[in-house]
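Please work from the sequences and hints to get the whole structure.
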Amino acid sequence: MNIKQLSQDAALKLKLYLATLGKPSGKMHDVITDADAGLRSGNLSELTIITDLKPEGARNLRIIFETLKGNLAGAKEVGTLHDMRFVFLENDTKLLFCTCYDGDWDTYINDFATKIPEMMDLLFGNIEGWPGIKSPTVKEFILSKQITASGWFVSHPNLTVADITRLEKIGNGLNKLLEL
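Numbers 1 to 180, taken from the numbering used here, label the letters of the sequence shown in order.
No lab work stands behind these hints, which were simulated from the structure alone. Yeah, the Cβ is synthetic: ideal placement off N, Cα and C, and Gly gets one too. Among the clues, some could well be false.
If you anchor each label on the Cβ, the simulated ranges turn out as follows [to be verified]:
| # | residue 1 | residue 2 | range |
| --- | --- | --- | --- |
| 1 | F65 | L12 | 36 to 46 Å |
| 2 | N2 | I170 | 50 to 60 Å |
| 3 | N2 | K76 | 49 to 59 Å |
| 4 | S135 | T33 | 22 to 32 Å |
| 5 | L16 | P117 | 38 to 48 Å |
| 6 | E66 | T165 | 25 to 35 Å |
As structure tokens, this is what we get:
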């Protein structure tokens, strides 16, 4: 590394330090690599995939998303899913899929295969090479497309979907009591 690059790096790090100086950092938590399967923060894990779409893949997915009005609420059946996004890239030739979930990658993929397999194949059947969610090679396929995030923030890394659901019920119950 040359002197010019070192000074540019130092300037960038100084700007970062000054941008965060005096701001409450909040509770820090580790973001770690979870083997081959993305990052993990507390109880939460991330999965990011960029993959090629089949020739009619973007069109088919748009029909699905428009019909559902963008609401993929059926994925709630998985029980550990915090969020997921589908984004079309490069003139509808590629798909970016990002998700955040509770626990381990292997369990998460198994949940999709057992709880919403038809929807998984309906959605991901539009990408090149999709073997099917029940295929013995599906996990290897997903791993081959997965890209670990370079940076990731989780506001509440220790709250699982079950925790959030329980806390929401408690809050709703308290609100009803306060309304009496």
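I170 and N2 - C-beta distance against the hinted 50 to 60 Å
58 Å, holds
Just tell me: holds or violated, for the beta carbon distance of F65 and L12 against 36 to 46 Å?
Between F65 and L12, where Cβ atoms are some 39 Å apart, the hint holds.
So does N2 sit 49 to 59 Å from K76, Cβ to Cβ?
Taking Cβ atoms as reference, N2 and K76 lie about 53 Å apart, which means the hint holds.
Per the hint of 25 to 35 Å, is the separation of the Cβ atoms of E66 and T165 within bounds?
29 Å, holds
Between L16 and P117, does the C-beta distance stay in 38 to 48 Å?
45 Å, holds
Is 22 to 32 Å respected by the C-beta to C-beta distance linking S135 and T33?
Given a distance of about 26 Å, which is inside 22 to 32 Å, the answer is holds.
Checked against the numbered hints given earlier, this structure breaks none of them.
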